[in-house]
Each structure stands twice: as structure tokens, then as C-alpha cells.
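Q: Which chain is which? The protein sequence lines are A and B, in order. Going by the working numbering, 88 is the number at position 24 of the first sequence; the sequence numbering is gapless. Going by the working numbering, 292 is the number at position 59 of the second sequence; the sequence numbering is gapless.
Errors might be hidden in some of the hints.
[Claimed, not checked] Heads up, incomplete: computed chain B residues facing chain A, CB under 10 Å, no partners named:
hint, residue
1, Ala236
2, Leu237
3, Ala241
4, Pro249
5, Val258
6, Gln284
7, Val287
8, Val294
9, Val302
10, Arg305
11, Lys318
12, Val324
13, Trp371
[Claimed, not checked] Simulated restraints, written as ranges between beta carbons of each label pair:
hint, chain 1, residue 1, chain 2, residue 2, range
14, B, Glu394, A, Gln97, 21 to 27 Å
15, B, Ile389, A, Arg104, 31 to 37 Å
16, A, Arg104, B, Ile383, 38 to 44 Å
17, A, Gln80, B, Gln436, 37 to 43 Å
18, A, Ala76, B, Pro379, 44 to 50 Å
19, B, Arg423, A, Arg104, 41 to 47 Å
20, A, Gln80, B, Pro379, 50 to 56 Å
21, A, Ser71, B, Gly370, 45 to 51 Å
22, A, Arg104, B, Ser376, 18 to 24 Å
23, B, Asp414, A, Arg104, 47 to 53 Å
Please keep in mind that the hints were generated in silico from the structure rather than gathered at the bench. All C-beta atoms, glycine included, are put in the ideal place defined by N, C-alpha and C.
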Amino acid sequence: MTELDYSKIGPALGDQFPDFELPDSEGRPVSLQRWRRGRRAIVVFYRSAVW
Amino acid sequence: MGALREFATAKGIGFPLLADEGSHVITELGLLDRDLAAHHAAFGIQTRDNQLGVAYPAIFVLDEAGRVVAKRIKENYRAREGMLKLLDETVGVALTPAGPQRRAGTGRVDITVVTDSPDYVRWQETRLHLIFDVEPGWHVYGSPVPDGYIAVAVDIEAIPEVAVKRVELPPTRPLRIESVDEDFQVHEGRFELRVPFAVNVPQGRGSVEFKIAVHYQACSDAECLPPATLLFELSLNEAAAA
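One chain only, chain B, in its complex shape (with noise of 0.2 Å):
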């Protein structure tokens, strides 16, 4: 009980931390931990007894009626969400970001880089959102792409303990331009692109940079304006240790 609540205090929880000695509660609810010993393994880490009560690595989300709405569980306790990305993708509540903000335009377009957080929590997964604003009467691009022309794309340049997944684009709209006789996918207006990804480096690294470069090409009904590229450095302190 003791140590709970130093970690409370020394983590500023306000919520409640509970205690489920002899992992009674863990047992029942089927979250018992049984392969503990051969993940551990896997990271060449030796169990020591007094773990092999743990529960897997759990995250559930409840609905007003206490209704599992989300369930995350991971492969190992490293491996968690930030809490933005976790409300953002189970419930829809979507909190401001807020790391730090790069901006950049080439008129038609302006892009805003922007991370969920200034720090970053070794392991977690968290999000760098590239917000694009594009001038009513304008548009950029999304896949598939005819010839000539070229999609939104995203190249993140970082060290190699930066996991980054898949860039998260928003659906495209059909656009027909008849002075060219050809079908297109387009994003116009204010629109979101999401990247997830995780710093996996040990203890003790400091800040870690990115270097963010985002390829488009803007166009109206009557001209197109060369390819661009905008380029954005942004840089992550290692989140204290309480």
C-alpha cells in the first residue's frame, strides 16, 4: 500500500491506483499473465517470482454503461498509447497536441507539423499530425494519382530506435477536371494527416530530432504549380523521470 502511494505522489495520480494482491481480481477476469516467463525471454530478461502475478499488459475503454468499447493489450508493458491517441481512436475525444508547432507555406497551401506531446515516453506510441490548409478553389492530391502528377506524400527522417508506422490519410473526394478530360482523388480545405510512432531507445538519450519532409502538388481547375516540397525539423525531450 505504501509504495502505491509514493508512486501516486511521486507521479501525480489523482486517480485511483489499486492494489489486487494475490492477483485474485487478475485471475478472474482472465488477464492472468501466463506467458510472462517467455516474454521476458524474448528481451533476455530473467522472471523473478515475486512477478509471476502480473496481468497482460491491459487497456480497456468502458461506454457509459460500463460496456468494453476498446480493448488494447500489448505483447509487452513497454509497448503502451499515449493517452491522446488512445481517447482520439476509441472514443472519438480528440485534445488539442501539444507539442511543439512548425509551420510552412508555398501560398496555396499551408502545413502546420505539430506532436502530441513536447516529450516523448520511451515506447509509447504517440502521433505527429501534419495539418494541411489549401486555399478554397485548390487542391492537392491523394493516391492513385494519374501520370505527370503527384500524391501527398510524408518522408520522416529520424535515428533508428524511431518506429514510425504508416501515414494515416483522410478519405479523398472524386474531382472530375473536364479541361484535362481526367478523373482525380483530391483533400481540398483543411485537412489531417496522422503518423504514429514510438521512441524505443533506452534511458538516459536525451532529445531526439525528426526531420520531416512533405511532397505535394497543388492545382486548380485551370493550373497546376510544380511539385513541392516543405521541410520541417522538430526536436522531442526525453520525458522526466519522476
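If we strip away everything but chain A, and leave its shape as in the complex, we get (with noise of 0.2 Å):
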């Protein structure tokens, strides 16, 4: 397996997060832009809910 230079992958540091958006768990569309309001935020990617 090649190790991967993960730097490159995704938004890079110093770039604006791209929006998005999807919807929650009630099925309401959220997007990052307007729920950050201006605030700090983590995004998370995760697998799964379920596995």
C-alpha cells in the first residue's frame, strides 16, 4: 500500500470550507455556512451510523 500524502486531500488549510448542504437527522437541510453563524466549527467525516 502507497502511503498517501493526506495534505493534499480535501480543503486544503488556509482555504474557506466549501458550503453544503444536507439534511440531519430529522431530515431538516442544514447548511454549514448558516448553522456555523460565525462561529468556530469541526466537521466530521464518519463511516457510518450503523456499521
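Now that you have both chains on their own, put them together as the hints suggest.
A: So, in C-alpha cells, the structure goes:
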């Protein structure tokens, strides 16, 4: 397995994180920028809530 | 959607959990994990088709303007970071460690040992803190240390599945002691050592014990005490699965 350069994957340090909108667990649309409202945030990518 | 709602309730999660069905956002962000099968194979795991849309196990910390100030991408989903460690290292927010505290001292030096949490989450990187309080007028040594003196050192004994990383020391300050005509690098007052570690055990292992030995030598301008070793024992419970 080759070593990946993870720094090149996804938004880079210093970049504006792109806005996106996805449904939450109640089916309501959530936009990252509107939800943040100018606060600091942590965006975590997880595999699954089931497996 | 039902699965996310159940998960949020079961784990007491108050922040939004979003579903990226079809992995469109994941792909647009460049985070689609194209190495999943290879990573799984390294763990001896067969990859199922329904797993192929996952993102790399990534965490992004954004500032008030929405810019990426920190980025962590691990090689596998198991190795994540505890929140105290992540917040401290990325945005300098230092929450109080919540683990069991152990305290010992030898008069001029008091040491408190505490972990970020009383529990361990399997594979999660977390920290052990060693907080030194050195009496004013006294100091202990950092490296390099001249012959005949000992520098602060920490030994940690635990089962092999506890992966311990290098001890992080704060900077020393130079000190010249005229009476012995030597230059030293010293730590004084209150300072903290940190040791990142992870408990990489299978589920159900239960509590994990740590034996910690801290070595140092306290000196003043006028005298040196003999080298000292303080021993600490603490135990972390396996975090309860919800």
C-alpha cells in the first residue's frame, strides 16, 4: 500500500471550507455556513451510524 | 435518516449529523475514500459494496471566517483523537483534564498526574499530563544536562496495546550557576509535560492500568538534592458503549 499525502486530500489549510447543504437526522436541510453563524466549527467525516 | 436519529439519541449527540446519500458532497470536497479496500485489507477486513461511498476519516477545524485552521486525516477510522487533545492542539482551547488525579512530592517538587478522561475510547489518541510545581528558588533539569546531573524523564509501563508517543516537554530556560561555573537548561515553577497515548485493545478488555515513574533532580543556586523518582499508578475504564 503506498503512502498517501493526506495534506493534498480535501480542502487545504487556509482555504475557505466550501459550503454545502445536507439533511440532518430529522430530515431538515442544514447548510454549514448558516449553521455556523460566524462561529468556529469542527467538521467530522464518519463512516456510518450503523456499521 | 432513522439510523442517524437513533444514533444521535443513543449517544446523546446534540450537534447535527448529516447524511450524504450518494456521497455527492463527499466527492465534491475531494474526500471520497478511494483507498478503502486497501486499508481494510491491511486489517484483514473484506470490503462490502455498501461501504464504498465513505469519506476519508477526516476532521477539519474552521475559524470564525470558515477557513481551515487545522486538518487531521488518519489512515483508518479507528485512530481518532480525543476532543480535549484536538481542541488544545488546533485552536488552543485547553479544557480541564477530567481523569483520575494522582499527586506526590518530595518537598521542593510536587507532581500531579492526570489523564484527559477517566475512560479510554479504544484507539482514540488522548493524553496524560504531568504537572510539576517546583518551589521558587529551585529548578529541575531539561536536556542536555551536564555529567553528574539528571534531566526530567518519564517511564510509562502498561500492556503492549497501549501505544505511547514521545513525551512533550515545554521549553527550558538557560541558567548559569556561578558557584559551579556551569550552564544549564532548567524548568522552574509550574510546568506541564504531556504524553499522547492510545489504548488499542479489542472490545471488552475492561480497565487498563498504568505505572508511571517520574525521574528528576531538584537543585537551587546553593545545593542539589539527590535524584528522585516518584511512582504513580492509575487505571482507566473502558468507555461504556451506549
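Q: For every hint, state whether the structure bears it out.
A: Do the hints match the structure? See the list:
1. Ala236: Holds, about 5 Å.
2. Leu237: holds (4 Å)
3. Ala241: holds (5 Å)
4. Pro249: holds (5 Å)
5. Val258: holds (5 Å)
6. Gln284: Constraint on B:Gln284 satisfied, holds at 7 Å.
7. Val287: holds (5 Å)
8. Val294: holds (5 Å)
9. Val302: Status holds, d = 7 Å.
10. Arg305: holds (9 Å)
11. Lys318: Because about 13 Å separates B:Lys318 from the closest Cβ in chain A, which is outside the 10 Å limit, the hint is violated.
12. Val324: holds (6 Å)
13. Trp371: violated (40 Å)
14. B:Glu394 <-> A:Gln97: 21 to 27 Å: violated (42 Å)
15. B:Ile389 <-> A:Arg104: 31 to 37 Å: With Cβ atoms ~33 Å apart, the hint holds.
16. A:Arg104 <-> B:Ile383: 38 to 44 Å: holds (42 Å)
17. A:Gln80 <-> B:Gln436: 37 to 43 Å: holds (40 Å)
18. A:Ala76 <-> B:Pro379: 44 to 50 Å: holds (45 Å)
19. B:Arg423 <-> A:Arg104: 41 to 47 Å: violated (28 Å)
20. A:Gln80 <-> B:Pro379: 50 to 56 Å: Roughly 51 Å apart at Cβ, these two residues keep to the hinted range, so it holds.
21. A:Ser71 <-> B:Gly370: 45 to 51 Å: holds (47 Å)
22. A:Arg104 <-> B:Ser376: 18 to 24 Å: violated (36 Å)
23. B:Asp414 <-> A:Arg104: 47 to 53 Å: 51 Å Cβ-Cβ, so the 47 to 53 Å window holds.
Checked against the numbered hints above, the structure breaks hints 11, 13, 14, 19, 22 and satisfies the rest.
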